[in-house]
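Chemist: Following the hints, position chain H against chain R.
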Amino acid sequence: SQQGEEDPQALSIQEGENATMNCSYKTSINNLQWYRQNSGRGLVHLILIRSNEREKHSGRLRVTLDTSKKSSSLLITASRAADTASYFCATYHSGNTPLVFGKGTRLSVIA
Amino acid sequence: SAVISQKPSRDICQRGTSLTIQCQVDSQVTMMFWYRQQPGQSLTLIATANQGSEATYESGFVIDKFPISRPNLTFSTLTVSNMSPEDSSIYLCSVGAAGADTQYFGPGTRLTVL
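Protein chains in written order, with the working numbering: chain R, 1 to 111; chain H, 1 to 114.
This is chain R alone, in the form it adopts within the complex (with noise of 0.2 angstroms):
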């Protein structure tokens, strides 16, 4: 069952122009990740935070995360064509539990 709401469910920017995606989700966590899927492939894993995190960062990559309003948000800051995926959050307690998944963004980066 899906518990995550992605929003917007796509967004088309300008390279160059940075992308926010936000994410919301029903009951208590441990840990949130974020994967990107380019064209109906595997998922790659982007970055986990955990609940007793705020705030992430990784490369172009900035997520944070707010447990008092079950909600998360993925900044991709001067994006490339390159970037073009869909991006899922998913949710867990631990790395044995199944992750729920939130519905996705597409991205859309236009050269």
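It is worth saying that the hints were derived from the structure and are not from the lab. Remember, predicted model here, so these are calculated numbers, not experimental data. Ideal Cβ placement from N, Cα and C applies to all residues, glycine included. Treat the hints with care, since some could be wrong.
FRET-style restraints, in silico, Cβ to Cβ [stated by the list, open to error]:
(1) H:G52 to R:S51: 26 to 32 angstroms
(2) R:K26 to H:R15: 33 to 39 angstroms
(3) H:S84 to R:S68: 43 to 49 angstroms
(4) H:S81 to R:A81: 40 to 46 angstroms
(5) R:K26 to H:Q38: 20 to 26 angstroms
(6) R:D7 to H:E54: 36 to 42 angstroms
(7) R:I110 to H:F75: 38 to 44 angstroms
Sample of chain H residues with no beta-carbon within 10 angstroms of chain R, all distances over it, derived [claimed, not checked]:
(8) K7
(9) P8
(10) C13
(11) Q22
(12) Q28
(13) P67
Partial selection, computed: residues in chain H whose CB lies under 8 angstroms from chain R [to be verified]:
(14) T30
(15) M31
(16) F33
(17) S42
(18) L43
(19) L45
(20) G52
(21) P71
(22) L92
(23) G96
(24) D101
(25) T102
(26) Q103
(27) Y104
(28) F105
(29) P107
Modeler: Relative to chain R, chain H alone:
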């Protein structure tokens, strides 16, 4: 990180037939998960496979339709039985382990049923 391979990467099958998808991991892992991604949709968990025990299926998925094997800590198979066009999806396996936070995915198997 874990390196995961899946076979086949894609297949086109006739309705009424069955397809077995293999998932191989380069290290021993506790849990393996099978997901389905229907066209244009997000991922939905089919079942959790723990080595040495029966797989645990999510609501809407049954063992007769999606039998799973987990013979050891590095390998699992998912069979899609008596296929219909509605089974056309990408099937992905992922792995997790006790004490590890990050879960990794295989490249997926793109199944088309005619």
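Chemist: All the hints need checking, so say for each whether the structure fits it.
Modeler: Outcome of the hint check:
1. Checking the proposed 26 to 32 angstroms range against G52 of chain H and S51 of chain R shows it holds: the Cβ atoms sit about 31 angstroms from each other.
2. Hint check: K26 of chain R to R15 of chain H, Cβ distance near 37 angstroms, so the stated range 33 to 39 angstroms holds.
3. A C-beta distance of roughly 45 angstroms is found between S84 of chain H and S68 of chain R, which places it inside the suggested range of 43 to 49 angstroms.
4. Roughly 41 angstroms separates the CB atoms of S81 of chain H and A81 of chain R, a value that falls within the hinted 40 to 46 angstroms.
5. Restraint check, K26 of chain R to Q38 of chain H: a C-beta distance of roughly 22 angstroms satisfies the suggested window 20 to 26 angstroms.
6. D7 of chain R and E54 of chain H have their C-beta atoms about 38 angstroms apart, which keeps the hinted 36 to 42 angstroms range intact.
7. At about 42 angstroms, the CB distance of I110 of chain R to F75 of chain H agrees with the hint of 38 to 44 angstroms.
8. Against chain R, the non-interface label of K7 of chain H holds: every CB pair exceeds 10 angstroms, the least being about 13 angstroms.
9. Separation of P8 of chain H from chain R is adequate, the least Cβ-Cβ distance of about 14 angstroms exceeding the 10 angstroms criterion.
10. Under the 10 angstroms C-beta cut-off, the non-interface status given to C13 of chain H relative to chain R holds; the minimum distance is some 18 angstroms.
11. Taking the minimum C-beta to C-beta distance to chain R, about 15 angstroms, the non-interface status of Q22 of chain H holds against the 10 angstroms cut.
12. Residue-level check passed: Q28 of chain H sits 13 angstroms from the nearest beta carbon of chain R, beyond 10 angstroms.
13. At roughly 18 angstroms from the closest C-beta of chain R, the C-beta of P67 of chain H stays outside 10 angstroms, upholding its exclusion from the interface.
14. Nearest Cβ of chain R to the Cβ of T30 of chain H: about 6 angstroms, under the 8 angstroms cut. The hint holds.
15. Interface restraint check for M31 of chain H: the shortest CB-CB distance to chain R comes to about 5 angstroms, inside 8 angstroms, so the restraint holds.
16. The beta carbon of F33 of chain H is positioned within 8 angstroms of a beta carbon in chain R (closest approach about 5 angstroms), and the interface hint is therefore held.
17. For S42 of chain H, the suggested interface contact is upheld, since its CB lies about 5 angstroms from the closest CB of chain R, less than 8 angstroms.
18. Proximity of L43 of chain H to chain R holds as hinted, the smallest CB-CB distance being about 5 angstroms (cut-off 8 angstroms).
19. Taking 8 angstroms as the C-beta cut-off, the interface hint given for L45 of chain H holds, the closest approach to chain R being about 5 angstroms.
20. Against a cut-off of 8 angstroms between C-beta atoms, the interface hint on G52 of chain H is violated, since the closest Cβ of chain R lies about 15 angstroms away.
21. At its closest, the beta carbon of P71 of chain H sits 19 angstroms from a beta carbon of chain R; the interface hint therefore is violated under the 8 angstroms criterion.
22. The closest approach between the C-beta of L92 of chain H and any C-beta of chain R is roughly 6 angstroms, which is under the 8 angstroms cut-off, so the hint is satisfied.
23. With 8 angstroms as the threshold, the beta carbon of G96 of chain H comes within range of chain R, its nearest partner Cβ sitting at about 4 angstroms, so the hint holds.
24. Restraint check, D101 of chain H versus chain R: the minimum CB separation of about 6 angstroms is within 8 angstroms; hint holds.
25. Taking 8 angstroms as the C-beta contact cut-off toward chain R, the hint placing T102 of chain H at the interface holds, the least distance being around 5 angstroms.
26. Taking 8 angstroms as the C-beta cut-off, the interface hint given for Q103 of chain H holds, the closest approach to chain R being about 6 angstroms.
27. Interface hint status for Y104 of chain H: upheld, as the beta-carbon distance to the closest one in chain R is roughly 6 angstroms, under 8 angstroms.
28. Among the interface hints, the one on F105 of chain H holds; its C-beta lies about 4 angstroms from the nearest C-beta in chain R, closer than the 8 angstroms criterion.
29. Taken as an interface hint, P107 of chain H checks out: its beta carbon lies about 4 angstroms from the nearest beta carbon of chain R, inside 8 angstroms.
In the structure shown, a violation is registered for the earlier hints numbered 20 and 21, in ascending order.
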